[in-house]
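Using the hints, position chain B against chain A.
So the sequence lines, in the order shown, correspond to chains A and B.
If you're matching positions, the first sequence starts at -5 in the working numbering and goes up one per residue.
If you're matching positions, the second sequence starts at -5 in the working numbering and goes up one per residue.
Derived by calculation from the structure, the hints in this document are not laboratory data.
All residues carry an ideal CB built from backbone N, CA and C; glycine is no exception.
Accuracy of the hints is not assured; some may be wrong.
Claimed, not checked - Derived lysine to any residue pairs resembling SDA-like cross-links, with alpha carbons at most 20 Å apart:
1) B:K160 / A:T414
2) B:K24 / B:Q39
3) B:K244 / A:R135
4) A:K137 / B:D242
5) B:K136 / A:K22
6) B:K275 / B:L301
7) A:K160 / B:D242
8) A:K199 / B:D242
9) B:K355 / A:V86
10) B:K316 / B:D242
11) B:K82 / B:I37
12) B:K370 / A:Q1
13) B:K256 / B:P266
14) A:K22 / A:G64
15) A:K160 / B:V314
16) A:K82 / B:W218
17) B:K358 / B:V314
18) B:K8 / B:Y67
19) B:K160 / A:R107
20) B:K81 / B:N10
What the hints assert, rightly or not - If you anchor each label on the Cβ, the simulated ranges turn out as follows:
21) B:G220 / A:I94: 27 to 37 Å
22) B:E65 / A:K248: 51 to 61 Å
23) B:D367 / A:I94: 24 to 34 Å
24) B:K201 / A:K82: 55 to 65 Å
Residue strings, one per chain:
Number of protein chains: 2
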Amino acid sequence: MNFIQIQEALEKKKGNVAVRGWIYRIRKLKDKIFIVLRDSSEIIQCVIKNEEMIKVADKLLMESSLEIEGEIYSEPRAPTKYEIDVKKLIVVHASEDFPINKDQSPEFLADNRHLWLRSRKMTSILKIRSTVLEAMREHWRKKGFYEYHSPMFMGMQAEGGSTLFKVDYYGKPVYLSQTWQLHAEPAIFALEKIFTIQPAFRAEKSKTSRHLSELWMAEMEAAWEGFEYLQDDAEEMIKHVVKKVLADNKDELKILERDISKLEPVLKKKFPRMTYDDSLKILAKHDMKLEWGKDLRTFEEDKLSELYDTPIIITKYPKVVKAFYMREDPKNSKVVLGFDVIAPEHYGEIVGASERETDIKKLKKNLEEQGEDPKKYEFYFDTRRYGSVPHGGYGAGVERIISWICGLDNIKDAIAFPRTMTRWTP
Amino acid sequence: MNFIQIQEALEKKKGNVAVRGWIYRIRKLKDKIFIVLRDSSEIIQCVIKNEEMIKVADKLLMESSLEIEGEIYSEPRAPTKYEIDVKKLIVVHASEDFPINKDQSPEFLADNRHLWLRSRKMTSILKIRSTVLEAMREHWRKKGFYEYHSPMFMGMQAEGGSTLFKVDYYGKPVYLSQTWQLHAEPAIFALEKIFTIQPAFRAEKSKTSRHLSELWMAEMEAAWEGFEYLQDDAEEMIKHVVKKVLADNKDELKILERDISKLEPVLKKKFPRMTYDDSLKILAKHDMKLEWGKDLRTFEEDKLSELYDTPIIITKYPKVVKAFYMREDPKNSKVVLGFDVIAPEHYGEIVGASERETDIKKLKKNLEEQGEDPKKYEFYFDTRRYGSVPHGGYGAGVERIISWICGLDNIKDAIAFPRTMTRWTP
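One chain only, chain A, in its complex shape (with noise of 0.2 Å):
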């Protein structure tokens, strides 16, 4: 048999076809079988009438694998309007007793993750996901951007310690990784402009809905380049992700039951950019008080995601709540030339960005500020000694901005097999 995808029987509409898949749905009924074939493309309904298929096929279970020949025709009833008349059977695998029906817990579930995959909401983010790396990396390759790798294995910390996960290295202790911006201004002095989608290690002790301990971020840095152009490329970056995913995966989003009338503005409208100063303004208007210097909350973050229909860009935050590589406004020591950009929907920040300190003695009154030690920092202050340059990036979440597109409520949702403080199995 020569077989084809569900979806490419289904544009055929009739005449003989052969497809392979699992059962979905299977529904017995005394002179004939109702049998929903899925395969990675789409489902069927398939009909077998024949005695001796009935036989067989009496005995399947939901799950099992099945290559099926016959004959494809209009059938307004069956779920994908088609249905094919099942000509030959072949059973691959009986299926045991699938253990996931409807009605199971969510810790079953993740218990069960290898399996729930199957499910047409899994696989449904799945192929949204391999959609926005593609997207992202297209983005960043149409502007000249090289792919670039930093390593996992840390001989030192970048972010504070408190959420580091630390390996036993062939006996000595190293750390793993949870930004590449230390590998990678390095890498800006022979590469110039880079990206990369990899993974990230975060030892994060709250068990919230937006947070994961191994996380995939795609993050780019360029020389030459500052706090203007990295707001423009951010703001390009997601509208390109969004936009290809509008139009490469509606099948998918309509499973997620996705709202795209709420994607849609994303396209249109430019990113409203306000500073952190004026975001406390619009937030006292709304009876929040936060007090100047301190980093906005998750409530306060989702209060001024309400007030739009598109991501937002908030600007220039406080030096203190921010990371020690950050630059220091020359208008105002107190503040960063960085931003963060704001997901709609109450799904948080997305992305974290700044134009970089190349003053090595901010960078060290930063680090100590922040109670680090800047003798391990030497190699990455070279960066600064030998030719330094204006130069920037960011890093975006990866998990995060498909829990947005999607709309789902849980970012463990968003990526196969989760890694939290309480989950790190199957």
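Using the frame of chain A, we list chain B on its own:
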């Protein structure tokens, strides 16, 4: 100034141009100063004749960052055949004395890896690496594969415990992934055809020029496909990668002094395919006797690779030397339906592949024979319980392939910051 890349300036050939970059070489004469400027695209000679500018340039050291405006014209004696007569010079940053010059030890270069990345050698390799990554993805995406990520944190081990890195995971031991295998197979029941390029970790105690503790693996897994398909796909993938590098990275291969006549046969010829048994016969003819059942060692792979000018595919290895999940040959229970791809020119194994065993009893037996506890693999066996299908896949070592294509002496140069038993900084 409206800056363009040096490559673009060279293509312009005449007229006024503005470029920026770093001093690659500087030669100070009495009445003029020659600066060879480099950016990520190329190098160009710039000549300074103006008295005031000479005073400024006279103090400059290698690697200083500059903005330059001037007239470009043909100059056959210049390294890239054109020269800029500098009209305007801005020193962005006057470099300190750059620690790397021509006669440094490999150890010194490794300690200063963050600066050595700027060398024309490392910059060229990193550009080729960027091409290789994209070419691999292009190959699989064109065939309808989805990009899919497996977790780095593993509650259990996949390929032998002795080479696992242990992580302190909120007080519990977990391990870093050596392959995506166990978490990839469950996903083919959702997406059918998947690939990834992601880090893998191996606590290799060897100090050879072919091993890294942190490497990147390009892996694919496909439902409904078997032994022949996998050989074809691996060959196509490798051909596509070599083709794209030859097309896009001519200049970089030249800088690396790579003899591209050694790469060209890869595109023109079908890769020889031989069984392990055949390979033993060939080795015997060259006075290399290997007992049946032993794995090919480096020097045997090297001998075989000398006999061909393309990669070779060696199939049906003894079961005892291969991973537990490789499918037993139905015609010979002593060998597996798997293969390795061996690169030419002594670059060793670049791909390891197989159809997967679907018989749970055999999987358990294989695990037991390797001293593993099958109980830990229950979630994996589930992929054979609920609609099992024939499937297979392979893993390609990204750094191995880059080493071979670039003709490198050591795999460490195929990655920006190599991690080995003796090296985890900077």
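Hints, verified against the model:
1. B:K160 / A:T414: Given pair K160 (chain B), T414 (chain A) holds - Cα atoms ~17 Å apart, limit 20 Å.
2. B:K24 / B:Q39: This hinted pair holds, its Cα atoms lying about 17 Å apart.
3. B:K244 / A:R135: holds, 19 Å
4. A:K137 / B:D242: Holds, at roughly 16 Å.
5. B:K136 / A:K22: This hinted pair is violated, its Cα atoms lying about 39 Å apart.
6. B:K275 / B:L301: holds, 13 Å
7. A:K160 / B:D242: violated, 40 Å
8. A:K199 / B:D242: Given that 20 Å is the threshold and the Cα spacing comes to 46 Å, the pair is violated.
9. B:K355 / A:V86: holds, 18 Å
10. B:K316 / B:D242: violated, 37 Å
11. B:K82 / B:I37: holds, 18 Å
12. B:K370 / A:Q1: violated, 37 Å
13. B:K256 / B:P266: holds, 16 Å
14. A:K22 / A:G64: holds, 19 Å
15. A:K160 / B:V314: violated, 35 Å
16. A:K82 / B:W218: With Cα atoms ~18 Å apart, K82 (chain A) and W218 (chain B) stay inside 20 Å; holds.
17. B:K358 / B:V314: Judged against 20 Å, a Cα distance of about 14 Å means the pair holds.
18. B:K8 / B:Y67: holds, 5 Å
19. B:K160 / A:R107: The hint is violated at about 23 Å.
20. B:K81 / B:N10: holds, 9 Å
21. B:G220 / A:I94: 27 to 37 Å: holds, 28 Å
22. B:E65 / A:K248: 51 to 61 Å: holds, 59 Å
23. B:D367 / A:I94: 24 to 34 Å: holds, 26 Å
24. B:K201 / A:K82: 55 to 65 Å: Holds, since K201 (chain B) and K82 (chain A) (Cβ atoms, about 58 Å apart) stay within the stated range.
Hints 5, 7, 8, 10, 12, 15, 19, counting from the list given before, are not met by this structure.
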